[in-house]
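Chemist: Protein chains in written order, with the numbering used here: chain A, 17 to 262; chain B, 35 to 541.
It is worth saying that the hints were derived from the structure and are not from the lab.
Keep in mind that this is a model prediction, so the values were computed, not measured.
Please note that a few of the clues may not be correct.
Stretches of chain B that chain A covers, calculated by requiring three or more beta carbons in the stretch to come under 8 Å of a beta carbon on chain A [stated by the list, open to error]:
1. 313 to 323
2. 452 to 460
Each pair of labels, with its calculated beta carbon distance range [unchecked claim]:
3. B:A337 - A:A123: 53 to 59 Å
4. A:L119 - B:A360: 27 to 33 Å
5. B:L535 - A:A135: 26 to 32 Å
6. B:W452 - A:A131: 25 to 31 Å
7. A:A180 - B:L517: 24 to 30 Å
We put the beta carbon where it would ideally sit given N, CA and C, even for glycine.
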Amino acid sequence: MLALHGVTVRFGAVRALRGIELVVPTGGTTVLLGGSGSGKSTLLRVALGLVRPEQGSVRFAGAAVDAASAPGLRLRMGYLIQDGGLFPHLDARANVTLMARHLGWDAARTEARVAELAALTHFPADALRRHPAQLSGGQCQRVALMRALLLDPELLLLDEPLAALDPLIRAELQQELREIFRALGKSVLLVTHDLAEAAFFADRIALLREGALVQEGTLGDLLERPADPFVTRFVGAQRGAFGGPA
Amino acid sequence: MTRRRPGAAVAGRAVLALALGFAACSAPPDRALVRIGSKSFTESVVLAEIAAALLRDAGFAVEHRRELGGTRIVWNALRRGEIDVYPEYSGTLEQEVFAAGGVRGLDALRGALGAQGIRLGASLGFEDRYALGMREPVAERLRIRRISDLREHPALRFGFTNEFMQRADGWPSLRARYALPQSDVRGLDHDLAYRALAAGTLDVADLYSTDADIAYYGLRVLEDDLGHFPEYAALLLWRADLEARAPGATSALARLEAAIDAAAMIRLNARVKLDREQEAQVAADFVAARLGIEARATREGRAGRIARAGLDHLGLVVTSLAAAIAVALPLGIFAAKRPRAGAVVLAVVGVLQTIPTLALLVFMIPLLGIGAPPAIAALFLYGLLPIVRNVHAGLHDIPSALRESAEALGLPPARRLWWIELPLASRAILAGVKTSAVINVGTATLGALIGAGGFGQAILTGIRRDDLGLILEGAVPAALLALAVQAAFDLVERWIVPAGLRHEPPR
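Next up, chain B with everything else stripped away, as it sits in the complex (with noise of 0.2 Å):
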């Protein structure tokens, strides 16, 4: 399908509600695909959401890569063609994508952008900017309503998200241009920082405009008389050859152009945040409302959604574990074999080991994109020093007299291999197999980081929303995982363990 005719509406969007139980899995052929990004924080995922109802009532095939991360992340997917839409803010292109080049204004950002192969798509019609917010009776009694009312009282203390202390347009800049006096200033997270405000521990906290926090724990948001803060007006980025590929997906997204204002978008993360509620669901809602597109969010029952999350776990687990076991087997073979070279081995295969998971995954990106491959690049990276080493210590264990006796018969290399070595080191090398499993199913979940999904998805987006359940539906499967994961690998021993290496010896 490409453009949309009327006529075709309503039997379109008939098939279209009988696919979406699927699209998840596999889009029909015939439907174009558009992939949307989302960063790490409720109002994006929100955003890439309503676009996602936009796009799938327009007839395409859409596909969500959520929380992908922070805005390097998502923007340097969006220039590769990871993904081909997200929500961006023009506070955040000048201040951060093009920092250096001293960008202002959506009219030289459309320039920039263009230059990248990028568009900038519809602007949403709010903004989501900085501002600082108090409780509202301690600001009444200290008579607060602007910035500059706070140079009259230097003991407050202040708390401030640690990306706001170090940017542009955060702290340092902020106290210079009011000439600010404080110095009780410290860094944590966003989502704390609220709590610290409504426990009374902290004053004055930085805020995004549009979180749902604000009118809930009752804040006053200090007006910036001194016009500090630039604009950050939220908007959608899509790449240039978009609409080549998907005839029709950008003038549906021009439909959010001016569709959301700042009330709304407080109110839809305020569904989300305080409300508990699927971001799917907040979207559809709102494009019925505001679009009168009847739009069906994708609601998942929590079984649905664990087995989906469990079925890209166990892909990313097997795949990356299986090249392991291949690689990791011959590579264990030879340092056993070659112990020069071997020695080299064992330290290449263990200084991997050393390097943080995090930093590995994000090393990946530029190399393999985002999604399944760097997440399954690491795993298998990580798997290779628990199975090398076993295989290696399984087989230098063997005892000489054993090793001379295959020889001595006259049996050649690879059958003193294969019938004598590797089952007599086959319990050590199963060992080696099993941890590197265990550890994989762990480490795995820190894949959703980089949009490989799984259970870790679960958790990032519980300790995002702060919903305990929402944790636990993935670190519990991600636990019996492993635990299943071990008891299938002591049946494996049973099978592959010669019955001769199990029994005790008598006397």
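Chain A extracted, bound-state conformation (with noise of 0.2 Å):
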């Protein structure tokens, strides 16, 4: 589905990805996991193309992402942030259903296709017409997410989707997520910090560190053969919090 060869990324001095070999299979959800500034955002952005690589080569679906592809290609990923990204000017239908207008669907498709996802994210059909303001944190990520999946694309791209929301909210989107996620049957590449957070949703876990790839496998290669110290360290220090298996 999607494959970097040799990435890095370079911002000024700072190299923000260094040599990155990374194949995201077709179905099933792979996991990013690292640390604040380990480069996993950054690798998400050089997939939709909005970061170019130094050197290194993306392809999607087997066409290489580069400035010419990219707008063509971003169509076919969706892309969700850690607030939304919801553009504030717009009510919940209409961020939803920006690209739909831009392609110029008519109503009634249009209309069925926001009725179809408000009801697979069980997001309220009389909020639409509210704005972001006036929407939680949780309803912003289903609308997110109804905006990701409008042109039912092949890869789901989503950094920290769940980072921003308190509790109770994070663990009821988090099982509606991966519902979602298997209903479908979409390729994820999931970013997160949180290794509880990969452990529920992954079939593949990529660690980052400093920009590198330290280790790729599933939560029980990381967890019994760890490529190396860091892995150990990482693993070991949020283990505690979700108690999976030992």
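Using the hints, put the two chains back together into the complex; each one sits in its own frame.
Modeler: Printed below as a string of structure tokens:
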């Protein structure tokens, strides 16, 4: 689905990504795990073509992601960020249907798709006319998810989708998200710093540290066959929090 | 209508009387238009109104561009053909316009003017010369009749207009010619000098010999016994091509040859300056009494004047503001999208703002002449900065997460700008436009300095005539217009700024 080969990204003097080799398989959820500054958000932005790698190549569904192809390929990827990235001047519905408007869908098709998505994400229909400032954090993330799913993308890219939510909402939405991923059978690349969240979603985990890929495998691989001492330290520091398989 | 025929005169006048009400707005196309200019002092305005009354009587459409400023502005307007006629003085032509050429005497002037395509027209029959004056009782007590007598009184306090302090025929050469010993000499405004004389804080001031104030304040005009001051014969200048464009105009104006003596001119000035009558009325009464012409002064009530000035003012504001928005919006977008080139744009627009208004207005005259175009151009340039800066700031301050979200969705750049970025910046942009508009309304009052009309005209005339009512007639509507513009933009804001940006966040 998505393949990064030798990707290096530099912001001024800082190397945000160094020689990343990563393949995100079709189907299933891959989690990018790492502390802040490890380069995991940058990796998503590279996949979308928002950030151009200094070295290496990015391929999505067999096509190279570059300046010319990125705008078209973005229509086949859904992207969701921490605070939703909703446009405050548009109401929930207009946020969701922005790309339908751009692509010139007719009203009936748009209407049907919105109803479908609202049902899928358990978003109350009467809240569709509200603006982001009038929605709760959890509702905003549901709207952002609907927006990301509108064009039925092949790949979902989620950057800390639950980080800004309070614990109750977070637990509820976490559950729903996993159900939605499974129901739709989407390929998902999800970024988090939270081992428990990674354990909850991941079919595979890629652990990043200072822009480099440290280890890639299942949660069991990370726990039982750590590639280096950092993996042991990172996992050990958060282990008590989720009480996962020991 | 070309040349007057006696039989058509009565009918012509009736039509004219009907048409006068509309003459200010639009002249019927079949009447030749003659444009008269005047300088920013009472006598010049009155003489121009008298010439206007004569031309209207002869069947011409007349436009009086009043109070255009000093000699240079009006002279250049005549040379460039923006006006056809204006009243001038022989001494001013010799001393200011042809100062370098050593042109002396009417015949020499006629030749020098002819070379520039200007005719020395009617000599009006009076002189308005420089003179020195004192309050009668003081002069009597000190036995001063002639300028030479001042030599015996070195402690006298002199006050002269700033122009007189510097002119070739002014204080420096006067002092040398008469060997005057006084050292307490200061420069001040002409009208203030009269009041200072009356109050006794000044002893001697320079006068224009036809000023009504001389009689009013009881001043003695000192005899120029050494013949220092040149002749200042009042005359009309007109363009050589006037007769071809408006046949009969020059013969109509020629009726003013020797028609006004000094005493008459002083009375005319007095009616305006002291009795606060309108120049047009004073001029109409004069041509009726002296030339038997039944001229109708376009008597305009206060409401009519304010309405006309308001239309002029709005014209300046709306045109210049619309142009400023149309140019500043793309400039601001460019500045936000190309930071390096944008810094240059912001710097240039900022520098424009630092040019003093009067300087910028005068700067525009050689490029665009007098009247509304140079004023609109100057207002346009002033209007740019607040808009460009706010467009730039508004776009620049959009959170990068939102900008990137729009890009990640796959929206192309133009759609991102129109659907996302400009609406998000709309509040800042509108605030910039509002600032620009309110400044524009205020600055537009200065347009009157270069003949653009508007509320500034009343302020300018009011200052000249020392008429507080007239000053307020310009200043109050200008302030109200600024408030109205502000209120109008508050309404526009509700309509333009998206509802989502006006919600207070919950929690």
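Chemist: Among all the numbered hints in the text so far, which are the ones the structure does not match?
Modeler: Structure breaks hints 1 and 7.
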